[in-house]
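Participant: Top to bottom, those sequences are chains H and D. In case it helps, my numbering puts the first sequence at residues 1 to 403. In case it helps, my numbering puts the second sequence at residues 1 to 262.
Please note: incorrect hints may appear among the correct ones.
[As the list claims (entries may be wrong)] Reference excerpt, derived from the structure (chain D facing chain H, CB under 8 Å, subset only):
#1 78
#2 81
#3 82
#4 84
#5 119
#6 120
#7 122
#8 125
#9 203
#10 207
#11 239
The set of hints was computed from the structure by calculation and includes no laboratory data. We put the beta carbon where it would ideally sit given N, CA and C, even for glycine.
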Amino acid sequence: MSEEKPYRRLESQDLLQQIAFRHGLEAMAASEEGRLAWVTSGFPVEIPLAMDVFPTYPEQAGAIIGASKIGPEVCGFGEDLGYSQELCSYARSSIGSTDRPEDVSMGALPTPQALLACNNICGTVLKWYDAISEMTGAPVHLLDTPPLEGEQLPHHRAYVRRGVDRLVEFLADTFNTRLEDEEATRVANLSSQAIRLWTKVLETCVNKPSPLNCADRFLTMAPVVSSRGMEHCVEFYEALLAEVEGRVKEGIGAIRNEKTRLLWDNIPPWFILRFFNQLAARGVVFPADTYTHAWSGAVEGSDTASILDGVSEVYSDVYLNKGLEAKVDKMCELIKDYDLDGFVMFSVRSCKRYSLGQLVSKEMVTERTGVPGVVIEGDMVDSRLFSEAQVQTRVDALLEMFV
Amino acid sequence: MSEGSFGIGIDVGSTTTKGVLIDSSEKVLASHLQNTGASAPKAVEQLLVQLSTQSGINPRDCRIIATGYGRSIVELAYKTVTEITCHSVGVHSLNSEIRLLIDVGGQDSKVIRIGQNGRPEDFELNDKCSAGTGRFLEVMARVLEVSMDELGPLALKSKSPSTISSTCTVFAESEVIGRIGSGESASDIAAGVHLSMASKIGSLSKRVGVASPVGVTGGVALNPAFRHYLSKHLGQELWIPERPQLTGALGAAIIALRGQKE
Chain H
1 MSEEKPYRRL ESQDLLQQIA FRHGLEAMAA SEEGRLAWVT SGFPVEIPLA
51 MDVFPTYPEQ AGAIIGASKI GPEVCGFGED LGYSQELCSY ARSSIGSTDR
101 PEDVSMGALP TPQALLACNN ICGTVLKWYD AISEMTGAPV HLLDTPPLEG
151 EQLPHHRAYV RRGVDRLVEF LADTFNTRLE DEEATRVANL SSQAIRLWTK
201 VLETCVNKPS PLNCADRFLT MAPVVSSRGM EHCVEFYEAL LAEVEGRVKE
251 GIGAIRNEKT RLLWDNIPPW FILRFFNQLA ARGVVFPADT YTHAWSGAVE
301 GSDTASILDG VSEVYSDVYL NKGLEAKVDK MCELIKDYDL DGFVMFSVRS
351 CKRYSLGQLV SKEMVTERTG VPGVVIEGDM VDSRLFSEAQ VQTRVDALLE
401 MFV
Chain D
1 MSEGSFGIGI DVGSTTTKGV LIDSSEKVLA SHLQNTGASA PKAVEQLLVQ
51 LSTQSGINPR DCRIIATGYG RSIVELAYKT VTEITCHSVG VHSLNSEIRL
101 LIDVGGQDSK VIRIGQNGRP EDFELNDKCS AGTGRFLEVM ARVLEVSMDE
151 LGPLALKSKS PSTISSTCTV FAESEVIGRI GSGESASDIA AGVHLSMASK
201 IGSLSKRVGV ASPVGVTGGV ALNPAFRHYL SKHLGQELWI PERPQLTGAL
251 GAAIIALRGQ KE
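The following block holds chain D by itself, in its conformation from the complex:
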């Protein structure tokens, strides 16, 4: 096996750690996603075992690019690249038409304008607060006593979404509790929560400039209510990859592979 045959991308996010292993034709041979938990190095170690088991390839024989907030703790990494570049490259490889990418992860949301060459041209990230991130939805799901998987479908049942005006997660939580207190239905409140989040991310997108077609990635892309309200807010159809959480790791793997070929 020659150096340059495989690439691994590891995306250490705030909530989950993702890994993708590709061969020289950029075909995915192995991929895995797991909770980051309290120890990021441990999560990376377990992830590499998974990639190795699935593909039969020793990760030490591959060039590894690390991305995500925990990128600097991946000891085996050849180098680190930000998730902004990795998501662009990853999405570009799946759908080269995408000009605007909205990635909503556990800790932040990013809006990236992707150039013809697949590299980011401009980007915006949400500010330090967790409003408009996966964490926001986690907090709201807990208050409404539903799982994350149930939250989106619950919201889609609503015909008259509640108004959630606070953008801060903590204040919005109090507001949701107030709505529960005033007898509004869980589905209306859930819809209001998604509406509020979609409008916050929609505004962030407009700051970068909405260019079609628009892609959405990150764990929150799996939530149907979020997609529904965001699509409505932007007036755009949204493209979602099959596994929206893995595009950062995929981009990192592609960068690892291409770096060796150059």
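Okay, chain H solo, but in the shape it has when bound:
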């Protein structure tokens, strides 16, 4: 019996599940040992890791809650506490699941001893972590990375570097630990190895057919977000790279009949990843997206001082911390490099930082690349904000332009 699906499953997914399971167990153990920190996705996780503080990610937990289709319910727990429906659904589901962990089947995180927020992805994270702090008693530490417009200037770098030093001091005081040269170098080295492997994985998608589709990357990005700096993360990306390079060598695509190549912009709607598989059945593949390409900066350095300098540069220079022009440049670059026919911009109600300016950037990208795009609306976790019929019409109309 061979039920031919329009897309191909990655063998590395089994390894991915093991890693996720292991990460969950390690987080629980760390919480019991009093060394668990919740961190934001753009946080320089190399530092807590090198100081024996274990990181776990509420945003990833939000993605799991979304994918488990319990987003509206868990966001509702947060709304019951008085939080607005306009608040980010990662924040609402995180606050909701912290308030009522027993009512959340998937995605509630173990109790943290510290909350580490970096505002290079948005400003909401600070208030969100403040709320969690009130509920759990864990202190919040903010690493402030002011937005970058163009090159990072010396005073900007010096300011962030001072913040990174303060982070080291905070962790040392809170967890009674130290940042040693040897451990800092080891973790930074593992982290940059993982980032480099991940970048290579992404770049294989320039091939036709593309060996990975959007949904594949949204799943396999998990370790680079949650475990960069750990050995098993490097092992995972070595295995994944081998698998995708194998696909490329044999001319095997992520989907069986690639006809149209599109760019995806923004966080995906986690509750309806089948959206990508349904499009796969019509020959549509997404060889690139702005989201998974955001984890691309490798922290290099041969001693603690140079590593902390690297952290100050790399974590200031992230996609969401830059201006509209940089976002447009990135999209145009991906469309050109990956030879894409068009683009889909997901306007995420929760993520103002990501979605702001999309209408303008849509025009600019079309003007510069000559390819058409469409903006669809919704949310990454809260499926109440997603109207499937309306999204379908917009995407179908875009596809009809290629006929």
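Guided by the hints, dock chain D onto chain H, whose structure is given.
Facilitator: Structure of chain D alone, referenced to chain H:
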């Protein structure tokens, strides 16, 4: 009768279901419009009976293309095509000069830039809320106690339109009730309602880029006050087809026919 002689387009909209049957020269042999009501499949069934009665042609002998929000429920459809493409093709067949099409239906409003070949080049739709759609006018007509047919002419009597600043239908309804409470005339309020809607759709049009000549379709195109204020907002003369609600179904019928010829 050979396969390929006729094409049927069915446009299942949120408010009305439309159908057009054309012959091989793209001449309309039958057309019908009725309320979609609570059951879209039933509306489609009744529509097909109407098309058959008018033309004497069995719909099963024709290729059918379905469009509109309910397009996926048309069982006899050969395939579905979005209303964005169908409206472009339909309007292009009636007036190939039109470069920008504004279609205002019951549930959404679309602005489409039509290429020389009659296919859409770019488009924008209103967001999920019903402001700027036919539904907005229905709600306001109810508050003002006039029928939909009376609403436009009532508005055109106004010399000093009220200001309706809310873009959300629900808030605008409260605002209209507030205006009634403060003694403003029904015609001024009606004018304010149309002005607000025209400015919302005008902005959507500017996002796509206003290219002349501009065509307007959909049920709301029949409303003279909407046309008046939109034309003023855009600084453009507007072209309106004789039956602006049927252009989507017409486009679908043309696609059905051309698909068979290819």
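Participant: Decide, hint by hint, whether the structure agrees.
Facilitator: Hint check:
| no. | hint | verdict |
| --- | --- | --- |
| 1 | 78 | violated (15 Å) |
| 2 | 81 | holds (7 Å) |
| 3 | 82 | holds (4 Å) |
| 4 | 84 | holds (4 Å) |
| 5 | 119 | holds (7 Å) |
| 6 | 120 | holds (6 Å) |
| 7 | 122 | holds (6 Å) |
| 8 | 125 | holds (6 Å) |
| 9 | 203 | violated (11 Å) |
| 10 | 207 | holds (6 Å) |
| 11 | 239 | violated (22 Å) |
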